[in-house]
Amino acid sequence: DVQLVESGGGLVKPGGSLRLSCAASGFTFSNAWMIWVRQAPGKGPEWVGRIKSKVDGETTEYASPVKDRFTISRDDSKDTLYLQMNSLKIDDTAVYYCTSCLGLGKSGVVPASMLYYYYGMDVWGQGTTVIVSS
Amino acid sequence: DVQMTQSPSSLSASVGDRVTITCRASQNIFNFLNWYQQKPGKAPKFLIHAASTLQSGVPSRFSGNGSGTDFTLTISSLQPDDFATYYCQQSYSTSYTFGQGTKLEIK
Chain A
1 DVQLVESGGG LVKPGGSLRL SCAASGFTFS NAWMIWVRQA PGKGPEWVGR
51 IKSKVDGETT EYASPVKDRF TISRDDSKDT LYLQMNSLKI DDTAVYYCTS
101 CLGLGKSGVV PASMLYYYYG MDVWGQGTTV IVSS
Chain B
1001 DVQMTQSPSS LSASVGDRVT ITCRASQNIF NFLNWYQQKP GKAPKFLIHA
1051 ASTLQSGVPS RFSGNGSGTD FTLTISSLQP DDFATYYCQQ SYSTSYTFGQ
1101 GTKLEIK
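Respectively, the protein sequence lines represent chains A and B.
Counting in this note's numbering, the first sequence runs from 1 upward without gaps.
Counting in this note's numbering, the second sequence runs from 1001 upward without gaps.
It should be emphasised that the hints constitute simulated quantities derived from the structure, not laboratory data.
This structure is a prediction, so every number in the text was calculated from the model and none was measured.
Hints are not guaranteed to be accurate.
Stated by the list, open to error - Straight-line C-alpha distance at most 20 Å; calculated EDC-like pairs for lysine to aspartate or glutamate:
hint, chain 1, residue 1, chain 2, residue 2
1, B, LYS1045, B, ASP1082
2, B, LYS1103, A, GLU46
3, A, LYS43, B, ASP1001
4, A, LYS52, A, ASP79
5, A, LYS43, B, GLU1105
6, B, LYS1042, A, ASP1
Hey, can you work out the whole structure from these sequences and the hints?
What follows is the structure, encoded as C-alpha cells:
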C-alpha cells in the first residue's frame, strides 16, 4: 500500500527550530515530486512548498510566509522527505502534511511534472502537529 | 498568487438533497482545479481533478464543472458520509492555493 508517515512535530518556542520527517512506502519515492501542506487550527490547507525529483533537478519552491525560514530536502536512499523549520513563529502553528501527486489509478507512466499541474494530491500522510508557543 | 474563493462558507442540508458549492479563481486557471473532502482530524481526501474528472472510487453522485475562473462541485443526493468540509485547490501555478472551505452540515 502507498503510505506517507510524518513525524517530528511538537511544541517549540518562537524563534526555535524543528525538523519534520516523512517516510514513504509503496511507490517509487525517487521519481515523485513531494509537497508539504499545513493547516492551521480552524483554517483551510496551505501549500508550504515542493521539491522535485533528483532527475528533475531536485529544485525547491516555497510559499512566501515560509521562504528563507523553511527548507525542504529529501533522502532517496531512505525514501524520506524532510522539512527543516527555523525561526519559527506563532503563526506556523499547524498540522503539517506530507503529500504528493502520484497519479494513482492512471494507466501508463505519467511524468511527475505533468502530475503536479494536471492532477491532484492523491496521497497524504496523517499529519504531524507543530505548536509554536512561549 | 492565485486567490481561490469558495461559497458558501457553510451549508446546512438534509440526506437526499442536491447541493452545489462554488469556487472562483482570481484569474483564468483553465481547468487546473481540484476538489477535496476533509473530515475532522483527517487529511484531505482527493475527489476530483481537472475540474470534472472523478478520482477512482469516488461515488458518481459527486460531479465537478467549470473552467476559466468559475467552478462548481455538486453532490446530487447527499448521503450521511458526505457531511464534511470541501476545499477547492488550483494547480495552475506552482504555488498551489486552496479555497477557504465549505462546511456541509446536517440540517
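Quick rundown of the hints versus the structure:
no., hint, verdict
1, LYS1045(B) / ASP1082(B), "12 Å, holds"
2, LYS1103(B) / GLU46(A), "17 Å, holds"
3, LYS43(A) / ASP1001(B), "18 Å, holds"
4, LYS52(A) / ASP79(A), "14 Å, holds"
5, LYS43(A) / GLU1105(B), "17 Å, holds"
6, LYS1042(B) / ASP1(A), "18 Å, holds"
Comparing the model with each numbered hint stated earlier shows that all of them hold.
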